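Participant: Each chain is listed here by its residues.
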Amino acid sequence: MKLFTYERADSAQAAATDAAAAGAKFIAGGTNLLDLMKLQVETPTKLVDISRLPLDKIEERDDGGLTIGALVPNSDLAADARVIERYEVLSRALLAGASGQLRNKASTGGNLLQRTRCYYFYDTATACNKREPGSGCSAIGGFNRILAVLGTSEHCIATHPSDMAVAMRALDATIVTQKADGDRRRIAIGDFYRLPGDTPHIENVLEAGELITGVELPAPVEAARHLYRKVRDRASYAFALVSVAGVVAMDGDTVKSASLAFGGLGPMPWRNPAVEAAIVGKPVTTASFEAAADALLADARGYGSNDFKIPLARRTLIASLRELTGTN
Amino acid sequence: MFEKIFGAGDTNSLTMNKPHPDSLLDTGVQGVISRPIDRVDGPLKVSGTATYAAEYQLDGLAHGVLVGSTVGKGRIVSVDADAVLGMPGVIDVVTDFDTFLRNAQQGGETTAPTQGVRDVDYFGEIVAIVLAESFEEARAAAYALPIEYEKKEGQYAFQAHRTEGETPPDSVTPAKFTQGDIDQAMRDAAVTVDVTYVTPSQNSAAMEPHASIAVWNDDALTLYGAYQMPTSDAQQLAKSLGVSDKKVRIIARYIGGGFGSKLGIAPESVAAAVAAKKLGRPVKAVMARGQVFDATVRRSNTEQHMRLATDRNGRLTAIGHDSLTSNLPGEDYFEPVGIGTHLAYAGENRSITHQLVPLNLTLSGSMRAPGEAVGMIGLECAMDELAEKLGMDPIELRRINDPAVDPEKDVPFSSRALTQSLDKGAELFGWNKRNAMPGQRREGEWLIGMGVASAVRGNQLQQSAAGIEIRPDGTATVASAMTDIGTGSYTILAQIASEILGIPLDKITMKLGDTIDPPAAGSGGSWGAASAGSAVYLAAEQARKKLAAAMGVEEAELTLKDGYAIGDNRQVPIGELVGSGIEVTGEIKPGSQEKQTTQASFGCHFAEVGVNAVTGEVRVRRMLGVFAAGRVLNAKTARSQCLGGMTFGIGAALTEDLIHDQRTGKLVNRDLAEYHLPVNADVPQLEVHFIDERDIHANPIHAKGIGELGISGAAPAVVNAIYNACGVRVRDMPITCDKLLAGLPPM
Chain A
1 MKLFTYERAD SAQAAATDAA AAGAKFIAGG TNLLDLMKLQ VETPTKLVDI SRLPLDKIEE
61 RDDGGLTIGA LVPNSDLAAD ARVIERYEVL SRALLAGASG QLRNKASTGG NLLQRTRCYY
121 FYDTATACNK REPGSGCSAI GGFNRILAVL GTSEHCIATH PSDMAVAMRA LDATIVTQKA
181 DGDRRRIAIG DFYRLPGDTP HIENVLEAGE LITGVELPAP VEAARHLYRK VRDRASYAFA
241 LVSVAGVVAM DGDTVKSASL AFGGLGPMPW RNPAVEAAIV GKPVTTASFE AAADALLADA
301 RGYGSNDFKI PLARRTLIAS LRELTGTN
Chain B
1 MFEKIFGAGD TNSLTMNKPH PDSLLDTGVQ GVISRPIDRV DGPLKVSGTA TYAAEYQLDG
61 LAHGVLVGST VGKGRIVSVD ADAVLGMPGV IDVVTDFDTF LRNAQQGGET TAPTQGVRDV
121 DYFGEIVAIV LAESFEEARA AAYALPIEYE KKEGQYAFQA HRTEGETPPD SVTPAKFTQG
181 DIDQAMRDAA VTVDVTYVTP SQNSAAMEPH ASIAVWNDDA LTLYGAYQMP TSDAQQLAKS
241 LGVSDKKVRI IARYIGGGFG SKLGIAPESV AAAVAAKKLG RPVKAVMARG QVFDATVRRS
301 NTEQHMRLAT DRNGRLTAIG HDSLTSNLPG EDYFEPVGIG THLAYAGENR SITHQLVPLN
361 LTLSGSMRAP GEAVGMIGLE CAMDELAEKL GMDPIELRRI NDPAVDPEKD VPFSSRALTQ
421 SLDKGAELFG WNKRNAMPGQ RREGEWLIGM GVASAVRGNQ LQQSAAGIEI RPDGTATVAS
481 AMTDIGTGSY TILAQIASEI LGIPLDKITM KLGDTIDPPA AGSGGSWGAA SAGSAVYLAA
541 EQARKKLAAA MGVEEAELTL KDGYAIGDNR QVPIGELVGS GIEVTGEIKP GSQEKQTTQA
601 SFGCHFAEVG VNAVTGEVRV RRMLGVFAAG RVLNAKTARS QCLGGMTFGI GAALTEDLIH
661 DQRTGKLVNR DLAEYHLPVN ADVPQLEVHF IDERDIHANP IHAKGIGELG ISGAAPAVVN
721 AIYNACGVRV RDMPITCDKL LAGLPPM
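Chains as they are written, first to last, in full-length UniProt numbering: chain A, 1 to 328; chain B, 1 to 747.
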């Protein structure tokens, strides 16, 4: 048996310190990690159980936002009345992901750190730079239907599988952490994930032992429409081929503000200011929506079986913008 | 040696050489036959007390984990067992390059499948088993076991090798059948369709993975297995191990779905048996989900060249259904794609052929309704295309080509209610609301369409036996090596015995899935209910004779109800008529009725789908299946069988696609996250309607196969509805959104 030690942390600080050792991993819901351990895709030597830490609250902040504890289950977050009222996009994204049983168990922090669902990452009989740096990428030149068309490198074309994180990116969430050295820091979600480059095994900026303790959502945009649209191969329990998280406020026929993030396209919840710039401050026209799609997909590159994602993303974005701007 | 429980009593044997117009199921008065009775095994299953193959708790059990090859073709140079023998809990690493199965066996065979694994012929071929004191320890060692391969060039890409097909030997259907001159008929026809449909490889993906526990007692083997056909599986296993058939017993009381993948023995059985022999301990081997995909059975991919020709009135003059399928080198099994086409429609000039392309991919074999499930996609979608070209309603086209007798043999159908099903379905579904012009109905972003397809599934009767014991306390046991793979066999067999013997259901104990009981063909090809059911019928008939004699009345004067025998103005508890107990056996054999009539179940499917005009996502909104399959033995389990088949059809049309990496032959999507079966949200309200029918040529219970009728034709109804919804004709299954995108309305 692959042996590992198991420790139950009694504080966030202790957890961070415990997990700073090489080979250590946090475990909360375990919905992703345990599967990967059974396949030996993940082979931690030490598990630090954070599931009993008091990080399971959703709290109001003075600025009108919410702080979501890292251990708030996806089901609870999706069903929270404040989330439904102020951050509908987040509730919808959560409910578009996984299954009821998984959402009951999956945590907010863990969802942000989901590993890719690339077929080859999951299979130790194949090469994968993310799983085994330097071994090669089997997905390039192989079957890559669900993989990325934006932000890829010659070393990795994996997608980030989360729906929740896409909504959080659209909401400009901030990730709050506890570091092993006692410091805490706040990381804008836009700075949290890393592109694969030549180190696809490093997926975010967390340091050794650094624990996500919560996620802050800023005050909601007033009078905005929210949308989470997920295109997938079956009606439930499938990862996004393309997803759009949008929060748009209108001033008459003009787009007052827009924030748009995308799933299924890149190695991280994708957001590109040029997409929003194409429509903000402008009247609603098909031309401006097409310009937004052009901006999103300017650098898109298909790898064969995922080529269709490019036209699919274009159509899905345009339809989403119509809905968000009330121009259906 | 295993002690047989039944076999000593009288045997009532029937060979179906002539029609059997009278059935005791029509004269019985217990009133249980055909009723929607809950499954007798239901409480056990929902309470977790039905014991499946992997769940037997045996002393000294060693846990085995199977090791699959990591090359698609090659030769094993070495297996370094020493590298893992020191790992915690590891007992042994067992390899037997001669005896291990290269691949699973096909259903019903009585010989061993291809054996020998030094030469590897597909990625994931089971080459070793690691034994340890716990499953986790065995798994860790299995991951760590170093195996060195000499890699060889394999054939993995169907497209690259599609011209290398050869005509295989005939099987359940002729590999090659021609009648008249189809080329000339195509040239002479008023209207033709000449198109090619493609279906991918699929996996049965039964909920329970393949699992075996092997226990040797001296030189006799007991195998707790997840098998559909224990009688022939035991013969396969004995041949594989080089022991006498009499020395192998298979116990398969509960099976968590099979859908064909458990018809024949799979590699885990022999690996467990070889290891158990070597260790002198019971050995358990359960396939991991990925290994079920890698190393059991796939349904072959198909390429179906469809040719249809008609006169101006839509009468078919030619049907061509020429298919390519694939299998491992050296394997003869071909997906019998055209099997339903032989008897579906009239048409003088015919070509129904199959070629087999050798590929280094998992064995291809039976998966639910082998042949019809995919063959009717080609046929029924081509018929839809033909109807459109003719400007004719698709139901009308089928009606006028519904043959009065078998279109290839000069024999009648035993029963055939195709047109009747279509008419009933049209009425129930509201077919008259369909707009024949595609793309005309839109609700918001959704384009809505309707489709129809016929359902045809050949009927089979297989030699089977069953025993009945009636005890002095009035209780009875019905026993057979038949299986219940989740279908309801336990329930319907009890209903048959109860109806004829007048013994209440709660006084009947069912005993299935054990080869020490009377041999049976098991569950496969939808023959289980009719075959084992007829055997139970015949045993009950024999018992009834004995009860009549004990009562001193003529059989015709005897009424059996609620545990009593009634006749001659007397009412006697049945238990008092059996002395110290009676044992009887019934046995059914197929006969010349199969030649004198063409036997099949018929029906049709209607589907309404929505195609998203933005994304091309397809969602089935409702479906209706209308089926005529002889007597329905239990309205609830029969309906459930059809619902399952229709769900399979949704998967075949929209989601299921077993994908191999063309470079290595390795399966890419070998888990249930990425091999997309339809989930609840993909399956809308499904309606099932049965046409009342009796088939006196089929068997004494007058039932025909039903389990696979539900899938035959289900997928093409969905495919045709997609075309009607959006006007895009996709001929490459499954119809995922990417295949529709280019044909959708501009944004």
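Quick caveat, the hints were computed from the structure, so don't treat them as lab data. Since this is a predicted model, take the numbers as computed values, not measurements. The C-beta atom is built at its ideal place from N, Cα and C for all residues, glycine as well. Hints are supplied without guarantee of correctness; some may be wrong.
Below, a list of computed lysine to aspartate or glutamate pairs in the EDC-like style, where the Cα atoms sit at most 16 Å apart [stated by the list, open to error]:
1. 38(A) x 402(B)
2. 636(B) x 671(B)
3. 282(A) x 307(A)
4. 38(A) x 408(B)
5. 424(B) x 406(B)
6. 2(A) x 133(B)
7. 57(A) x 76(A)
8. 561(B) x 506(B)
9. 739(B) x 307(A)
10. 2(A) x 208(B)
11. 176(B) x 410(B)
12. 433(B) x 473(B)
Which stretches of chain A does chain B cover? Using the computed rule of at least three CB atoms under 8 Å from a CB of chain B, they are [to be verified]:
13. 112-123
14. 130-142
15. 300-313
Some but not every residue of chain B turned toward chain A, in silico, with C-beta under 7 Å [unchecked claim]:
16. 79
17. 80
18. 143
19. 147
20. 566
21. 615
22. 676
23. 681
24. 738
Participant: So which of those numbered hints doesn't the model satisfy?
Facilitator: Hints 1, 2, 3, 4, 5, 10, 11, 12, 16, 17, 19 and 20 not satisfied by this model.
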